[in-house]
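Colleague: Go ahead and model the full structure; you've got the sequences and the hints to work with.
2 protein chains.
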Amino acid sequence: MGGTYVGIDVGGTNVKIGLFNTELELIRKTSITTEAEMGPEIVIDKMAKTAEDLLAEAGLSLQDIVAVGIGTPGPARYSEGVIIRSTNMPKFKNVPICKMLNERLGAPIVFDNDANVACWGEYAVGAGKGVKDIVFFTLGTGIGGGIVSNGELVHGCDENGAELGHMIIHPDGRKCNCGQKGCVEAYASADSTARRATEALEGGAESSLKKVLDEKGRITSKDVYKHLAAGDELAKEITDGTAKALAITCINMLHTTEPKRIVFAGGMIAAGDKLLNRIKHFFNEHIWTLKKETVEICFATLGEDAGIIGAAALAQHTEQRTNSIT
Amino acid sequence: MGGTYVGIDVGGTNVKIGLFNTELELIRKTSITTEAEMGPEIVIDKMAKTAEDLLAEAGLSLQDIVAVGIGTPGPARYSEGVIIRSTNMPKFKNVPICKMLNERLGAPIVFDNDANVACWGEYAVGAGKGVKDIVFFTLGTGIGGGIVSNGELVHGCDENGAELGHMIIHPDGRKCNCGQKGCVEAYASADSTARRATEALEGGAESSLKKVLDEKGRITSKDVYKHLAAGDELAKEITDGTAKALAITCINMLHTTEPKRIVFAGGMIAAGDKLLNRIKHFFNEHIWTLKKETVEICFATLGEDAGIIGAAALAQHTEQRTNSIT
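Residue numbers (our numbering), protein chains in the order written: chain P, 38 to 363; chain D, 38 to 363.
It is possible that some hints are incorrect.
Pairs involving identical chains hold if they fit within one copy or between any two copies, as the list cannot separate such chains.
Claimed, not checked - Simulated crosslink set (DSS-like; lysine-lysine; CA at most 25 Å straight-line):
(1) LYS130 <-> LYS328
(2) LYS212 <-> LYS248
(3) LYS311 <-> LYS297
(4) LYS329 <-> LYS218
(5) LYS128 <-> LYS329
(6) LYS329 <-> LYS263
(7) LYS329 <-> LYS212
(8) LYS136 <-> LYS66
(9) LYS311 <-> LYS328
(10) LYS311 <-> LYS248
(11) LYS53 <-> LYS317
(12) LYS329 <-> LYS166
(13) LYS329 <-> LYS247
(14) LYS259 <-> LYS317
(15) LYS128 <-> LYS53
(16) LYS130 <-> LYS83
(17) LYS212 <-> LYS259
(18) LYS212 <-> LYS328
(19) LYS259 <-> LYS311
(20) LYS218 <-> LYS297
(21) LYS329 <-> LYS130
(22) LYS263 <-> LYS311
These are computed hints drawn from the structure, not numbers from a lab.
Modeller: What follows is the structure in structure tokens.
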């Protein structure tokens, strides 16, 4: 008996749930639609029911659960187990999600934000495995972040730390959705990459992307990377802007928590080595000459499952740490 | 019995040594010239003798020492207790300083770099007291840094972390001594502040500082702040450049380890509120609007003694943590 960890990854559209053994190997997983408009009671009830069904399918029961990990978008008071509010789930206001889940599942609930949970997944069993210090970036619509320093997640004084997309690399630079100017997110997220390309085309730049913009009325970062692969010069220039912004941010993190490995995740890593090699190029071009640095820059390896694996791994870590103290 | 902690602060010119009780109150302190040219054996022997003399003067002996803390400039392998080399002490190469001091003083030796030690001093009993997350900057010839996250110093994977002066805030900007371009140190250290003023004067800027440059052949950051106090416009502009660079770096740290308090130390804080208020001004102007932030930005309070207090406090902390684990 025993030895089962549940990982739950809550998104605006879907909730993913996975069961893991003590080696953090996936036993079984599923995905349900979030239906956030039904309100927190119904959503959380459905999560719990789905977890129970998964257990039953695997020949397990609630008694086998050691701990449950759950990741949601912020803002929340993670250590208190409360979702404060959520852009994608307007009915979720001051929801004591840990208490509610604990009442249904009986096991300790470990709660953190989605980026931290995915970061922990990569740290525990993915691209960050085997070192004690990593920095993690998710490159999507925005840029999320996570930091593991000396084997623990960095949360910060109000649990708002590691918002790495909002480090300023160009004071008074491009406007960011957060209200600041010059954030790395304003240059290097998927949205910003597409926007910089669109602006260049509207400014008269020559590119095979022009046809896409004319036909579809918009371009995405995927278009940029597709045309990069085909050798388009503008796509190369835009990618270099993205890669350089990310490289500068990597250097800044090296001078902060000094990670051994920097892991990029999110939709944009589909761009592959053409993006990764340019990040490494600009990193090497801009890094100091004082000391030889041995940081590795790489892509995440867990893909879509990072959230559920990370949640389960964090539940295990927290449970083991708590037991070693008490 | 016992209850005495020794704090040692090694600089290129002087070594400061202090005795502290368990409340980290200073019992007695002294300062000796480093005489680094005599080589490590003689210097370390002198440190140990001086500590013994201090103990004797206070009616104490070696048996009363619980632990010794020591801070030196890097680079070193702190966890192994070895100074790799030192710009100011060329004869110090691969010196096992912890082993050598331990053989003389008999107590456990806790070793860290000078900025971390001063940071820990402010954290334990100075401007950072009472919170669990601080960021610390020393504004001198260069800019040093320290980070306390969740009650522990951040060292990084190779013990080179928290080199906060070398975070890049202007990619391809002003050249820094470290080899990078656009570091905060290249704008906001005492040297860079003076250099920016000198460049402006050489470029023809009107200022009461012109006379100082003509008469002395150079100006210092002290001159800049003196003329700022007297209302000089160029001095105000240069100070704003310094303050804005520091403010951007504060924002970046808020998005990284999210400190509750940011503490500035070093010679340049003699500029007083005229500098501090401008840092706060630019911080508020550039910080995001997403969440209300409650970080406090302030000056250090321990002055010259931060090194010995910090070393003693770190020795106490490390000793207590070790004992609570074993």
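Colleague: So, for every hint listed, does it hold in this structure?
Modeller: For each hint, the structure was consulted:
no.	hint	verdict
1	LYS130 <-> LYS328	between (48 Å within a copy, 16 Å between copies)
2	LYS212 <-> LYS248	neither (27 Å within a copy, 42 Å between copies)
3	LYS311 <-> LYS297	within (22 Å within a copy, 40 Å between copies)
4	LYS329 <-> LYS218	between (32 Å within a copy, 17 Å between copies)
5	LYS128 <-> LYS329	between (51 Å within a copy, 22 Å between copies)
6	LYS329 <-> LYS263	neither (35 Å within a copy, 40 Å between copies)
7	LYS329 <-> LYS212	between (35 Å within a copy, 19 Å between copies)
8	LYS136 <-> LYS66	within (23 Å within a copy, 54 Å between copies)
9	LYS311 <-> LYS328	neither (27 Å within a copy, 36 Å between copies)
10	LYS311 <-> LYS248	within (22 Å within a copy, 55 Å between copies)
11	LYS53 <-> LYS317	neither (33 Å within a copy, 43 Å between copies)
12	LYS329 <-> LYS166	within (22 Å within a copy, 35 Å between copies)
13	LYS329 <-> LYS247	neither (43 Å within a copy, 41 Å between copies)
14	LYS259 <-> LYS317	within (21 Å within a copy, 41 Å between copies)
15	LYS128 <-> LYS53	within (20 Å within a copy, 60 Å between copies)
16	LYS130 <-> LYS83	within (18 Å within a copy, 64 Å between copies)
17	LYS212 <-> LYS259	within (22 Å within a copy, 36 Å between copies)
18	LYS212 <-> LYS328	between (34 Å within a copy, 17 Å between copies)
19	LYS259 <-> LYS311	within (13 Å within a copy, 49 Å between copies)
20	LYS218 <-> LYS297	between (29 Å within a copy, 23 Å between copies)
21	LYS329 <-> LYS130	between (48 Å within a copy, 18 Å between copies)
22	LYS263 <-> LYS311	within (11 Å within a copy, 53 Å between copies)
Checked against the numbered hints given earlier, this structure breaks hints 2, 6, 9, 11, 13; the rest are met.
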